[in-house]
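Visitor: Sequence:
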Amino acid sequence: MNSPKRDGDDDVPVKDPVKYGELVVLGYNGSLPNGDRGRRKSRFALYRRAKANGVKPSAVHILNTPQDSKAVHSRGQHSISFTLSRNQTVVVEYCHDDNTDMFQIGRSTESPIDFVVTDNSGGSKEVEDPSIAPSTISRFACRVVCERSPPYTARIYAAGFDSSKNIFLGEKATKWKNPDGHMDGLTTNGVLVMHPEGFPDDPKQGLWREISVCGDVYALRETRSGPTRGKLAEGESSALRDGSLVDLCGATLLWRTGEGLTRAPTLRHLEALRQELNASRPQCPVGLSTLAFPSLPRSHSLEERQPWVYLSCGHVHGRHDWGQRSEGEQRKGEVAAPQRECPLCRSEGPYVPLWLGSEPAVYLDAGPPTHAFVPCGHVCSERTARPWWSRSVWEPSFVNWTCIRRCFAAATSPCWLWTPSTEGKASVLIW
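In terms of full-length UniProt numbering, the sequence shown has 414 at position 414, counting the first letter as 1, and numbering is strictly consecutive.
Hints are computed from structural coordinates only; laboratory data are not their basis. Glycine included, C-beta positions come from ideal geometry on N, C-alpha and C. Among these hints, one or two may not hold up.
As the list claims (entries may be wrong) - Here are the computed lysine to any residue pairs in the SDA-like style, where the Cα-Cα straight-line distance is at most 25 Å:
1) Lys56 / Val18
2) Lys177 / Lys41
3) Lys51 / Ser135
4) Lys231 / Gly215
5) Lys56 / Gly170
6) Lys204 / Arg263
7) Lys41 / Lys56
Stated by the list, open to error - The calculated label-pair distances, taken between Cβ atoms and stated as ranges, are:
8) Arg148 / Glu382: 51 to 61 Å
9) Leu288 / Ala50: 52 to 62 Å
10) Ile62 / Cys95: 15 to 25 Å
11) Cys345 / Thr290: 20 to 30 Å
12) Gly230 / Thr153: 16 to 26 Å
13) Asn178 / Glu276: 48 to 58 Å
14) Glu382 / Val60: 46 to 56 Å
15) Asn278 / Lys165: 46 to 56 Å
16) Gln205 / Asn278: 30 to 40 Å
17) Ala279 / Val18: 50 to 60 Å
18) Val60 / Val18: 25 to 35 Å
19) His61 / His96: 16 to 26 Å
20) Leu302 / Val60: 53 to 63 Å
The whole structure should be built from the sequences, with the hints applied where relevant.
Guide: As structure tokens, then:
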């Protein structure tokens, strides 16, 4: 089980056991919209357990009758079943491993699942009732196995053991026998992993790979749930690295190692940055009202003094209703964000609120929030922003990257100016 944590801190255990790392669901900005509840939350910290619960392959059984299969499963051991035909099943039994801890991730709320993850539709929304909503995330999606001794390597495997301690790959599942004789397979929608190169100092996007049930690494299938596996990625490992992304087909997880998290800010750091930003008392250049970011616990709801930005020109103002365009004036293909005419430069475009990113694991340093993502308006440090736009995190769509500058005009209060940049693009992340 996870170690208990103190309120108001970042998953700090009471007895300070070894922290392997954290898995963070991208898209929730620090917490689920309706609040984190038990095992269903936006982030999950992996600590060394009081007692090892890892398992490793042991005996292999080739079964020809349902009775044989029932006899093997009745032993109460973990096992993976590969159904080859109606009359033949290969069952790989797993025995206890004193050297590893196992953590399971999936949509199911059954007890074997340590971290319950549901589909993230974007926009910081979540399904009201995940038990009845359609989902592409497997009930037992994957498992992470961590070595209990330094360097505490964490490896990811497709599929998780269910309540009967079994992983079942049916007759139609993608499976095969490797040259060394051991069986392996893929889950229906797959578990994809991307390991960035040079993270966090100079990160470059790596290749997306698919992880098998036994932890081997393969090139992607032609389609997400295609019947034929990709080519074996020789020499590549399923060991997670700091900054690795895990795609569960409905939610994307970020892995941060325990060591990597020591360089990231805490919620207290982010709150201090917010207070410092607000202490400068920036003003709306037209309404002359003082602007301020809301406190982190209220960062999901709009406030009266919250700064807003014109995405077309970058000028920052307070919230207002002037300069609206009628629906008939909306240009074809424009986004649904409110359209405004900037009173300073007369440019027209979306007008959105600015938000302080409040998921510490996404930050690469504790620098001031000088940059932001478009079109969501979440701000962060430059060092954090650049790796995210340089790595094509999402497949289909990308948007412009902008930087924010503090500018001070003589004899006037400071205002904020966001200037568009053509240097690169940022992924649509709402964290």
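Visitor: Determine for every hint whether it applies to the structure shown.
Guide: Hints, one by one, checked against the model:
For a cut-off of 25 Å, the pair hint linking Lys56 to Val18 stands: about 22 Å separates their Cα positions. Taken as a hint, the Lys177 and Lys41 pair is broken in the structure, with Cα atoms around 37 Å apart against an allowance of 25 Å. This hinted pair does not check out: Lys51 and Ser135 have alpha carbons roughly 33 Å apart, beyond 25 Å. At most 25 Å may separate the alpha-carbon atoms for a hinted pair to count; Lys231 and Gly215 meet this at roughly 14 Å.
Proximity of Lys56 to Gly170 is assessed by CA-CA distance (about 22 Å); at most 25 Å being required, the pair is judged to hold. As the CA atoms of Lys204 and Arg263 are separated by approximately 19 Å, the hinted pair is consistent with the 25 Å bound. With a C-alpha separation of about 29 Å, the suggested pairing of Lys41 with Lys56 is violated against the 25 Å cut-off. Distance hint check: the CB atoms of Arg148 and Glu382 are about 38 Å apart, inconsistent with the given range 51 to 61 Å.
Between Leu288 and Ala50, the C-beta spacing of about 59 Å keeps the proposed range 52 to 62 Å intact. For Ile62 paired with Cys95, a C-beta distance near 18 Å keeps the hint of 15 to 25 Å intact. The given range of 20 to 30 Å is respected by Cys345 and Thr290, whose C-beta atoms sit roughly 22 Å from each other. Taken as a hint, the range 16 to 26 Å holds for the pair Gly230 and Thr153, whose Cβ atoms sit roughly 24 Å apart.
As the Cβ distance of Asn178 to Glu276 is approximately 56 Å, the hint placing it in 48 to 58 Å holds. A hinted range of 46 to 56 Å holds for the C-beta pair Glu382 and Val60, which are about 53 Å apart. Range check, Asn278 to Lys165: about 52 Å between beta-carbon atoms, so the 46 to 56 Å window is met. Taken as a hint, the range 30 to 40 Å holds for the pair Gln205 and Asn278, whose Cβ atoms sit roughly 35 Å apart.
Taking the beta carbon of each, Ala279 and Val18 are about 38 Å apart, not inside 50 to 60 Å as hinted. At roughly 33 Å, the beta carbons of Val60 and Val18 sit within the given window of 25 to 35 Å. At roughly 18 Å, the beta-carbon separation of His61 and His96 lies within the given 16 to 26 Å, and the hint holds. At about 59 Å, the CB distance of Leu302 to Val60 agrees with the hint of 53 to 63 Å.
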